[in-house]
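Trainee: Protein chains in written order, with the working numbering: chain E, 1 to 132; chain P, 1001 to 1047.
Hints are computed from structural coordinates only; laboratory data are not their basis.
None of the values given here were measured: they were computed from a predicted structure.
Hints may be right or wrong, so weigh each one.
Here are the simulated DSSO-like pairs of lysine-lysine, each with C-alpha atoms no more than 27 Å apart in a straight line [unchecked claim]:
no., chain 1, residue 1, chain 2, residue 2
1, E, K13, P, K1010
2, E, K13, P, K1040
3, P, K1010, P, K1040
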Amino acid sequence: MDLTIPDGMGGAKAIEQIRDYDPEALAIVSSGYSDDPAMARPAEFGFSGVLAQALRTRGSDRFDRAAAGRSALGRAARAAAKATGGSRIGDPPRQACAVFSGNLRSSARAGVAVVGLVDFDGFRSIARADLR
Amino acid sequence: MLEDEPLIRKLIVANLRAHGFAAVETAEGSQTIERYREAKEAGGRST
């Protein structure tokens, strides 16, 4: 569940109401805002887990570093693209990269990351990639 | 699945389905609650 929904109800309010209805409901909070209290202390908000979301478009530092393969996520994304025959990071305009991972540090320890590559014309590939 | 950005939403839902989950896309929280109730009442296990 995304925390931030412009002009609408976000994940924190939604999980509160869902758990009023069904106290056993399980939900994972997802946000690019890693400093949000719900990301830092998910249990206090009724979430069972956290999925960090790193969505960056070309030109941002994190995207460029990832595209250049200078981060674990970038290497994972490259590996995923190669493995699936999908879009390569670094290919022409209009391409964005979305990289998802559960807690990156624990994912890195486990040696895997869930990675997605998104093209603005539609998503091309998703894959689990080996970080090593 | 609650996510307002369509591409990200589709990406995550496709990923969840690929891993065997029954996933439904929603773009706004009240819609998520509604779909959760529907799934629960239909007897499906929904997270």
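Trainee: Work down the list of hints and note, for each, if the structure agrees.
Mentor: Structure-based check of each hint:
In summary, the hint linking K13 of chain E to K1010 of chain P is supported, as the alpha carbons are separated by about 22 Å, within the 27 Å threshold. Only pairs whose Cα atoms come within 27 Å are accepted, and K13 of chain E paired with K1040 of chain P is accepted, the gap being roughly 19 Å. Pair hint K1010 of chain P plus K1040 of chain P holds up; C-alpha atoms about 22 Å apart against a cutoff of 27 Å.
Going down the numbered hints, you'll see the structure goes against none, and every one checks out.
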